[in-house]
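Line by line, the protein sequences are chains A and B.
Heads up, the first sequence is in my numbering, so the first residue is 1 and it goes up one at a time.
Heads up, the second sequence is in my numbering, so the first residue is 1001 and it goes up one at a time.
Just so you know, the hints here were simulated from the structure itself, not pulled from any lab data.
In this text, a Cβ means the ideal position worked out from N, Cα and C, and glycines have one as well.
It is possible that some hints are incorrect.
[Unchecked claim] Okay, the calculated bits of chain B under chain A, using three or more residues with CB under 8 Å as the criterion:
| id | stretch |
| --- | --- |
| 1 | 1230-1243 |
| 2 | 1340-1354 |
| 3 | 1404-1417 |
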Amino acid sequence: MKRFSILLLVSMILFVSCAPKPSTPQSLTVMTHDSFAVSDDVIQAFEQANNVKVTFVKGGDAGAMLNKAILSKSAPLADVLYGVDNTLLSEALATDIYEPYASPALKNIPAEFQLDSSDRALPVDHGYVCVVYDKAYFSAHNLTAPQSLEDLTKPEYKGLFVMENPATSSPGLDFLFATIKHFGDSNYLDYWKQLRANGLVVVDGWETAYYTNFTGASGQGTQSLVVSYATDPAYEVMSASTPIPDAPVAAVIGPDTCFHQIEFVGILKGTKPLALAQKFVDFMLSASFQADVPGQMAVYPVALNIPLPDAFTKFAPIPSQPAILSVDDISKNRDAWIQAWTNAVLH
Amino acid sequence: MKSIFPRRILIWFAPLIFLGVFFFYPFLRILAFGLSFETLKANNLQLAVHVLLFTFYQASLSTLLTLLIGLPSAYLFARFDFHGKSLLRALTTVPFMLPTVVVAAGFNALLGPRGWINLTFMHLFALNSPPIQFVGTLGAILLAHVFYNTTIVIRIISNALSGLDPKLEQAARSLGANERRVWWNVILPMLRPSILAASLLVFLFDFSSFGVILLLGGPTFATLEVEIYIQALQMLNLPVAALLAFIQLLCTLAFSILYTRFSTRVTIQSAPRSANQHKANTIKEKVFVFAFCVLLFVLFILPMLALPLRSVSRLQADRGQQTQAHYGLTTDYYTELFINRRNTLFYVPPITAALNSLLYAGATVILSLLLGFPAASVLAKPGRLEKILDPILILPLGASAVTLALGFIIAFGRLLISPWLVPLAHTLVALPFVIRTLQPAIASIPDRLRQAATTLGASPLRVWQNVDWPILSRATLSAATFAFTISLGEFGATLLLARPDYPTIPIAIYNFLSQPGDLNYGQAMAMATLLMTLTTVGILFIEKQRLPGVGEF
């Protein structure tokens, strides 16, 4: 009798735990870089439509995040990885962390963004790292803003230019890439020596460059030219404490003054809820997420026919002649370029 | 003797299991993953030596300077009674937990090219360029280290000072010793264990310094930890990072062993004191108290004042003509904290961030005291086992946090996503502080007091309550304060995985500062002000606790 009741109990527990529970949502973990953001209602719509609870974890900047994903390859920390960009894509693909997925949503995305032909990393958004200037400073000092990379070495801009260290900051590294594209592998260091002679200021990262050194942001700085993003003017207008009619800053738009950055999403190999992860990738490429991208992350959507916020169309035009380097070039030379730059500019 | 040994092992069990699981296992995993003989090439070793020398150099200088300011300040707080003392003491602790980005902003408002001091000089002497170059100098690194770590010296040494039996000094004086001899021959020798403990903690903090070097030192300075960060997370060069982390670990171990050699020789015996503090009487004392209050204000409070000031001033109109910038007062940044204007999923309501921060801090205090008490009590009467284990307990403080964070990823995988890992990681940093704060206090309890009480018929509990606790209560509060501030400051948390749905105040500050726009900057300053207020109030609250058995305060 006793044995029977135990058997009954065990089978009841088994039954209860095996019974399908449509009401409990499945869970999906998405690892992103620190700059990821999304609207509340956009995610909620995805969660409700698919009966899923999405948990986001932030893994640091894009480089740190990728490193964590590579280290945890055998037991992935997440199901989906968002935020690897074209400067890191080669490493990500070489370490074989992604599960390929040819999303049907890719048909709405121009081929120029699809850098991985085997669909392991799918493009989500793109942006531009540019030289940004403080408009008020230049008009107050009767100076014209620089038009090109060459202009930055002119005496009238002496001591006015601040950038981030390419070894510790991704906008700094992107700008270094832009100069390599423009001047070529054999000449770019000469350009940097001229910049150094013209009073170039190098700081650790974007926060310091923009909020401490740049005159256009906190009012405390001494440099009126900063390596930052093409969307800064739009963001300054959208995040002003009192409405302002015009953007206080603008990007220098000239040949190769901006570096083109594309960010990717991919499914991590070994994920259990594979179908769900695929749905999430579809969702990131869908119109609702793509339309949300500019306002939340200050980058441009990759999908076609996505309306941009007013501030973007007015103040943050897409740079016409951006610098582009192939992912293989970057992967092959990145460490050597950073080392050579460090020796030429810092030592 | 035989019966004591297993009991000691039992006491060691919890702290050692904790360190084993959350420090040694992940650290060894990542070293095993990254280290290889191929890394031992001339250029890598050259880099290591170069970086190690600078790391050692700046840490030694910083520690000396910190002691120079900290020792007299500890004396000030231990021996004198003056108006606003507890507030000043609490405020000197605030820097310890401020995120480096915020501290850099504060120092810049004061000493930067457009800072108040440079602007004043330029105005007074009609200069065209700022006379003081601060950011990017060794001076900035040293000043920031003093700013961060003086509180360690103040807390540990003023505890020891106020626990000293004044009868010893009085005896020396009545035997004809002058003030200097009393210091050299009586007070300093008795303070030696505390001074050594404080110096070691400060040195290890400076040795493994990271944010300060990056943000205030600029790109031309690199410590081991900065180079590890660059190699591991930016260059994706794990072998070199592991080599450097291994060197850093060996150095930390060497310092810790050296320290345990020196510190176990002297034990002070003291009794609970309450009459050690007095008002400044002589002119010399009054000058000392006044001068040091001013110095502490200038060094610790002035750089922080910029943050609350910036959080209520609008700096938008007339940008570009900074010399005539209009400072309008506003509360916009505070009201904006409560609005999710862009409807973002990761919006952080300030109350939630504050509550999460406090929750993690509370858990860290409890956990580190629970683990720290047993370890400190056996370390106070060290046997052979303790001599070996003592230096090991300090290792997490000097070991590379960047490397450890990567080790966590290999070791724990998806468990890392749990928000419970946050207080565990904070406890790892807080534990060495808690142990170093409690150990000298426990060692200072004279056995004869316990024996006397037992002879008089007191139960073990009674003995603990009436003999041990009155002496330990102050050290316990100090240890709790360390754990509390370490957790509030989110030490190293940005290196682990962040859960945006469990945000804390420092995380919220980082989020605001990563986007352009004056609202974002203003809100970061408002959040930083909130963090400062919360810490000050929290420390005052901990210190005002009238623990049973404490007759003073």
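Cross-check of the supplied hints:
no.: 1; hint: 1230-1243; verdict: holds (count 8)
no.: 2; hint: 1340-1354; verdict: holds (count 7)
no.: 3; hint: 1404-1417; verdict: holds (count 7)
In summary, the structure agrees with every hint in the numbered list given earlier.
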